[in-house]
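Read in order, the letters of the sequence shown are residues 1 to 591 in UniProt numbering.
If you are wondering where the hints come from, they were derived from the structure by calculation, not from laboratory data.
Since the structure is predicted, the reported quantities are computational estimates derived from the model, not experimental observations.
Each hint should be verified, as a subset may be incorrect.
Stated by the list, open to error - As a list, the in silico DSSO-like pairs of lysine-lysine whose alpha-carbon atoms are at most 30 angstroms apart: (1) K485 - K102; (2) K416 - K102; (3) K253 - K27; (4) K102 - K27; (5) K102 - K253.
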Amino acid sequence: MINIAGVISIVIFYVLILAVGIWAGRKKEEGNDSEEEVMLAGRNIGLFVGIFTMTATWVGGGYINGTAEAIYTRGLVWCQAPFGYALSLVFGGIFFANEMRKQGYVTMLDPLQDCFGERMGGLLFLPALCGEVFWAAGILAALGATLSVIIDMDHRTSVIFSACIAVFYTLFGGLYSVAYTDVIQLFCIFIGLWMCIPFAWYNEHVVPLSSIEADWIGEVKSEEYFYYLDYGLLLIFGGIPWQVYFQRVLSSKSAGRAQVLSYVAAFGCVLMAIPPVLIGAIAKATAWNETAYKGPYPLSDVETPMILPMVLQYLTPDFVSFFGLGAVSAAVMSSADSSVLSASSMFARNVYKLIFRQRASEMEIIWVMRVSIFIVGVLSTIMALTIPSIYGLWSMCSDLVYVILFPQLLMVVHFKNYCNTYGSLAAYIVAFFVRLSGGEPVMHLEPFIHYPGWDEVNQVQLFPFRTMAMLLSLITLILVSWWSKWVFETGRLAPGYDIFRCVVNIPEDVQRVGEPSEDGEQMSVMASGAMGKMYGSATMVGKDERNGRVNPALEADDDIPQAEVERLKASVGSGGGTKGNINPGEVQTTL
Numbered sequence: 001m002i003n004i005a006g007v008i009s010i011v012i013f014y015v016l017i018l019a020v021g022i023w024a025g026r027k028k029e030e031g032n033d034s035e036e037e038v039m040l041a042g043r044n045i046g047l048f049v050g051i052f053t054m055t056a057t058w059v060g061g062g063y064i065n066g067t068a069e070a071i072y073t074r075g076l077v078w079c080q081a082p083f084g085y086a087l088s089l090v091f092g093g094i095f096f097a098n099e100m101r102k103q104g105y106v107t108m109l110d111p112l113q114d115c116f117g118e119r120m121g122g123l124l125f126l127p128a129l130c131g132e133v134f135w136a137a138g139i140l141a142a143l144g145a146t147l148s149v150i151i152d153m154d155h156r157t158s159v160i161f162s163a164c165i166a167v168f169y170t171l172f173g174g175l176y177s178v179a180y181t182d183v184i185q186l187f188c189i190f191i192g193l194w195m196c197i198p199f200a201w202y203n204e205h206v207v208p209l210s211s212i213e214a215d216w217i218g219e220v221k222s223e224e225y226f227y228y229l230d231y232g233l234l235l236i237f238g239g240i241p242w243q244v245y246f247q248r249v250l251s252s253k254s255a256g257r258a259q260v261l262s263y264v265a266a267f268g269c270v271l272m273a274i275p276p277v278l279i280g281a282i283a284k285a286t287a288w289n290e291t292a293y294k295g296p297y298p299l300s301d302v303e304t305p306m307i308l309p310m311v312l313q314y315l316t317p318d319f320v321s322f323f324g325l326g327a328v329s330a331a332v333m334s335s336a337d338s339s340v341l342s343a344s345s346m347f348a349r350n351v352y353k354l355i356f357r358q359r360a361s362e363m364e365i366i367w368v369m370r371v372s373i374f375i376v377g378v379l380s381t382i383m384a385l386t387i388p389s390i391y392g393l394w395s396m397c398s399d400l401v402y403v404i405l406f407p408q409l410l411m412v413v414h415f416k417n418y419c420n421t422y423g424s425l426a427a428y429i430v431a432f433f434v435r436l437s438g439g440e441p442v443m444h445l446e447p448f449i450h451y452p453g454w455d456e457v458n459q460v461q462l463f464p465f466r467t468m469a470m471l472l473s474l475i476t477l478i479l480v481s482w483w484s485k486w487v488f489e490t491g492r493l494a495p496g497y498d499i500f501r502c503v504v505n506i507p508e509d510v511q512r513v514g515e516p517s518e519d520g521e522q523m524s525v526m527a528s529g530a531m532g533k534m535y536g537s538a539t540m541v542g543k544d545e546r547n548g549r550v551n552p553a554l555e556a557d558d559d560i561p562q563a564e565v566e567r568l569k570a571s572v573g574s575g576g577g578t579k580g581n582i583n584p585g586e587v588q589t590t591l
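Make a model of the complete structure from these sequences and hints.
As structure tokens, this is what we get:
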């Protein structure tokens with residue numbers, strides 16, 4: 001029989017979130033439907049909202065449910081996600097937030113496409129897209145399973161209803177709606193779960209957490225040390241190259257604030273993990289066969305993922321679980337809306353605009369993004385309803401983000417002069433096949449290499465092959481880039497073989513003036529053509545120029561004084577200002 005109180009709880013929380021999402025969408029500047037306004041909230045997210053939305057990068061349905069499940073099944077020492085994701089925010093703030101925000105990028109893929117070209121950027125988009133879509137699908141599936149068990153709501157109805165709410169307000173307000181609903185959702189999670197803990201703690205069927213029977217600490221066996229380290233590094237560094245994180249970084253008012261938000265959000269991740277950790281420990285100390293629970297005991301693999309809502313249902317009074325269940329639903333919404341917006345933003349800007357429609361207007365891009373939001377939402381919903389091993393798919397994509405995207409993002413942000421498209425493609429292929437070689441048990445993908453330490457009984461790779469794949473990818477990127485540069489620049493291969501046109505066979509849309517101008521800078525010009533039309537007549541000069549691209553949000557101190565611009569324009573226009581003898585009828589001057 002359906003739980004009426006539970007349904008009312010969910011409806012109330014969903015209406016609250018929907019109302020806040022619509023209200024936040026109205027904060028957009030009237031008539032300003034630009035990419036930055038919708039995708040990045042006009043780079044105007046304040047400190048208070050920024051802290052909450054940055055924390056919500058990882059704190060969501062999968063985070064709180066997964067934390068409680070990890071405590072119940074393997075103990076506190078194996079609950080790596082809260083600390084791993086917190087450290088990922090710290091390292092992201094130290095090594096990436098400042099550089100990415102200072103350069104004024106719009107998405108995480110921008111620096112990759114600037115360095116490797118549009119099509120290679122499109123290839124790198126695939127693991128990022130799959131990760132976001134499968135993550136959204138996985139948490140929607142988890143919510144549907146939870147509601148179907150706890151309040152007897154139809155699985156399909158709950159998944160479709162939740163997805164519709166998240167897609168609607170994201171469609172309406174973009175990042176404004178996502179950010180402001182994150183504030184409500186985190187409050188719901190924190191207050192709702194803390195309300196439940198005292199009642200569950202003192203339930204008559206729960207033994208003291210300090211007793212021997214309640215072994216909720218766990219242990220790491222000696223043969224599992226490298227396996228443990230592998231997953232820890234996956235969470236820390238694989239948690240950085242996600243658009244959901246960089247969307248928050250790039251929406252900050254300044255580079256310094258983006259770093260501060262990352263550090264504060266890291267503390268928020270640990271703080272928000274305390275309630276589910278305690279709930280998992282309480283579940284471990286519960287004699288479930290003495291409660292109203294009628295399922296199998298000890299709990300099977302089907303029940304353990306729902307350990308948190310089970311504690312809410314069986315160990316707390318109805319009026320308390322009313323708030324707790326709403327908190328769980330709010331947490332899922334917090335994750336789903338971010339992933340949908342992130343995937344849509346990357347597709348609209350980095351695939352549709354930069355690969356297929358370079359001359360697309362701002363309004364066209366916004367409408368493509370809105371259609372993408374709807375399509376990604378539908379895809380996530382279909383996958384949540386039809387694919388049984390959705391978490392296995394997400395786990396695989398998460399690994400691919402770590403082994404493929406992290407080394408490439410690290411290089412283009414800090415060492416872009418040491419990598420090129422040849423190295424990027426080779427590193428992509430190496431990382432992909434090394435990761436596949438280890439198999440994926442959840443997807444029933446058999447390993448075709450048994451690495452040292454292979455556990456035949458449990459069919460688990462104890463060797464840290466994920467981190468090995470990441471390091472091999474990084475080394476391949478550096479070595480192949482160096483080799484390709486060497487063979488072309490030394491003449492061992494003719495320029496015509498530079499098929500990616502990134503070493504010596506440079507496209508005509510970027511030309512270098514032979515001699516430096518009077519002030520020591522080199523002047524860059526762009527030929528009329530697809531790229532020239534796309535970017536108009538404003539490219540970068542000096543250290544920031546890359547493949548004739550425009551950085552639309554350069555810091556003020558990177559700009560050339562207006563008087564100098566006018567002087568150079570006049571010089572080139574007269575044909576005698578430089579020794580390059582540029583024909584002004586063939587080339588647009590770009591400064």
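Hints versus structure:
Simply put, K485 and K102 have alpha-carbon atoms about 29 angstroms apart, close enough for the 30 angstroms limit, and the pair holds. A threshold of 30 angstroms between alpha carbons decides the hint, and for K416 with K102 the separation of about 16 angstroms falls inside it, so the pair holds. At roughly 16 angstroms between alpha-carbon atoms, K253 and K27 fall within 30 angstroms of each other, so this suggested pair holds. In summary, the hint linking K102 to K27 is supported, as the alpha carbons are separated by about 25 angstroms, within the 30 angstroms threshold.
In summary, the hint linking K102 to K253 is supported, as the alpha carbons are separated by about 10 angstroms, within the 30 angstroms threshold.
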